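K.L.:
Sequence:
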Amino acid sequence: MTDFPLPPRIVATDRAGADSGAPPHAGPEATAPATPMITLVELAQWSRGDLVVKHVPEGAVAREEFLRSGVTGASLDSRAIAPGMLFVPLPGRKVDGHAFLDEVFARGAGAALCARAVHPLIAHHDLGPLVLVDDVTVALQSIATEYRKRWPGLMVGVTGSAGKTTTKELVAAAFATEAPTLRTLGNKNNHWGVPLTILGLERRHQVAIVEMGMNAPGEIAALAAIAGPNAAIVTNAGSAHLEGLGSLEGVAREKASLVHALPKGAPAFVGADSPLLLEAVKGAKAEVITYGFAKGAAVRPRVHEELGAAGSRLEVDGFPPLHLQLVGRHMAANALAALAVAKRWKLDPERVVAALAAYAPMGGRMEVKRARGATLLVDCYNANPDSMAAALASLASWPGAVRRIALLGDMRELGETAARLHEETGEKVRGAELWTVGAHAGDYARGAARAGVAARVFDDKPAAAAALREALAEGVVVLLKGSRGAALEHVLEGLDMES
1 MTDFPLPPRI VATDRAGADS GAPPHAGPEA TAPATPMITL VELAQWSRGD LVVKHVPEGA
61 VAREEFLRSG VTGASLDSRA IAPGMLFVPL PGRKVDGHAF LDEVFARGAG AALCARAVHP
121 LIAHHDLGPL VLVDDVTVAL QSIATEYRKR WPGLMVGVTG SAGKTTTKEL VAAAFATEAP
181 TLRTLGNKNN HWGVPLTILG LERRHQVAIV EMGMNAPGEI AALAAIAGPN AAIVTNAGSA
241 HLEGLGSLEG VAREKASLVH ALPKGAPAFV GADSPLLLEA VKGAKAEVIT YGFAKGAAVR
301 PRVHEELGAA GSRLEVDGFP PLHLQLVGRH MAANALAALA VAKRWKLDPE RVVAALAAYA
361 PMGGRMEVKR ARGATLLVDC YNANPDSMAA ALASLASWPG AVRRIALLGD MRELGETAAR
421 LHEETGEKVR GAELWTVGAH AGDYARGAAR AGVAARVFDD KPAAAAALRE ALAEGVVVLL
481 KGSRGAALEH VLEGLDMES
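If you read the sequence shown in the UniProt record's numbering, its first letter stands for residue 1, the second for the next number, and so on.
These are calculated hints, taken from the structure and not from any lab test. Note that the structure is predicted; figures quoted are calculated from it, not measured. From the three backbone atoms N, C-alpha and C, an ideal C-beta is built for every residue, glycine too. Treat the hints loosely; a few may be bogus.
Pair ranges (Cβ atoms, derived) [to be verified]: (1) R430 <-> K346: 57 to 63 Å; (2) H119 <-> R68: 22 to 28 Å; (3) A222 <-> V95: 24 to 30 Å; (4) A310 <-> V402: 16 to 22 Å; (5) A358 <-> K285: 45 to 51 Å; (6) H55 <-> M497: 24 to 30 Å; (7) V402 <-> A216: 43 to 49 Å.
PhoX-like mimics (lysine-lysine), calculated; alpha carbons at most 25 Å apart, straight line [claimed, not checked]: (8) K428 <-> K346; (9) K285 <-> K369; (10) K428 <-> K369; (11) K285 <-> K149; (12) K264 <-> K282; (13) K369 <-> K346; (14) K428 <-> K295; (15) K295 <-> K369; (16) K94 <-> K149; (17) K149 <-> K295; (18) K285 <-> K295; (19) K346 <-> K264; (20) K295 <-> K282.
Modelling step: build the complete structure from the supplied sequences, incorporating the hints.
P.N.:
Next comes the structure, spelled out in structure tokens:
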């Protein structure tokens, strides 16, 4: 068992940058609950709020014990509240979370945040402890920031234009072979998801892998200020979020801000296949460790073999051969990040490879499905020009295909460059037919025409679905890819899947 998070294997550094040499929770705290409790007093102090309690026990001792009671964990969803949790009510498009305060206390919530502006409207309700704050989101972030300071483990921040969720899962799988590891659930990587993940930390956790997403400048630095990472992974810097960041250089700077937020000497694992990213991390105090397929990468495969539906195979110095269930060169790059982390902390190579080999792709991320003898590469969770290019390359090299079809939906958040980038993506279709649907279908088609590839443009998804049902047959390989908003998975509705 690797000793987490102490030197020489895993070093936890404090937020000021100094190494933390104290063992985690030594002494009397060893008998404390598995999940550290945030007391009611701390909730009020950390959020700069006011504690409002309707039913305070009589007697000084009872009152003191009550104020030392508190919460463990937090949720925005009233349905997910378990006894002792903190409820964080947010205003929604249709319903304000404050409308569920009665419900969460009936479920046993330990406390709830409450916007000061709302409190007069619900003050007559018979509720449990409330912490009145100016802004519920800011209060949540402040509480998480302070709670993080209590936890002495390894906090790994993960970001990138593409691949961050899969990379987060693979890195967590590697660490979990030797230490209790917390990871962001799904892709809850924003200004709510990051603090909620941190508030899920328990005493038993020695490692946390926290995904960080963004749409505008400064968001990664803000999330890093909450999470206090002492290690980072940046997968790449590509064309995603151009609408908010304006240029590829702007994207690279925003992603690299996670590396620049690290303490001096902290390890930062950076995708070597992204030259703009490598440029953007220059000058960071962190120890930059590169990985990928580029020459000169510190962790680079000797062998990379794509195996179609069987996944891919990697050979990397220091590890047994790795047979991934994941399809595509870009997915193999995500695995290289996990191997780089494992190498840095000397995790057991055989156990790490076994964990990565057991990992199956998440829903909508290059899932391989079968229908009517055809192979479907379902990659509908998200899309940007770089991930599109990677997926199209996988389709073009798919072994044994007698017919290849790229069914593409819109890519979102590209701003003024959207038309041009859709055209450029259309030009990258090789050895396949282009089918497309959505607002940018014509742009895809114009790009494909320049490359000499005929395009089939559909008016809507039902029309594309009907054509797909007719095309499916043995030896046909279809890539379905678009941004989350394109909801291209609806094209598959009604198909009888074989796997």
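K.L.:
Each hint: holds or not?
P.N.:
Cross-check of the supplied hints:
no.	hint	in the structure
1	R430 <-> K346: 57 to 63 Å	42 Å, violated
2	H119 <-> R68: 22 to 28 Å	24 Å, holds
3	A222 <-> V95: 24 to 30 Å	27 Å, holds
4	A310 <-> V402: 16 to 22 Å	18 Å, holds
5	A358 <-> K285: 45 to 51 Å	36 Å, violated
6	H55 <-> M497: 24 to 30 Å	55 Å, violated
7	V402 <-> A216: 43 to 49 Å	46 Å, holds
8	K428 <-> K346	40 Å, violated
9	K285 <-> K369	45 Å, violated
10	K428 <-> K369	24 Å, holds
11	K285 <-> K149	21 Å, holds
12	K264 <-> K282	13 Å, holds
13	K369 <-> K346	36 Å, violated
14	K428 <-> K295	24 Å, holds
15	K295 <-> K369	34 Å, violated
16	K94 <-> K149	36 Å, violated
17	K149 <-> K295	39 Å, violated
18	K285 <-> K295	24 Å, holds
19	K346 <-> K264	21 Å, holds
20	K295 <-> K282	18 Å, holds
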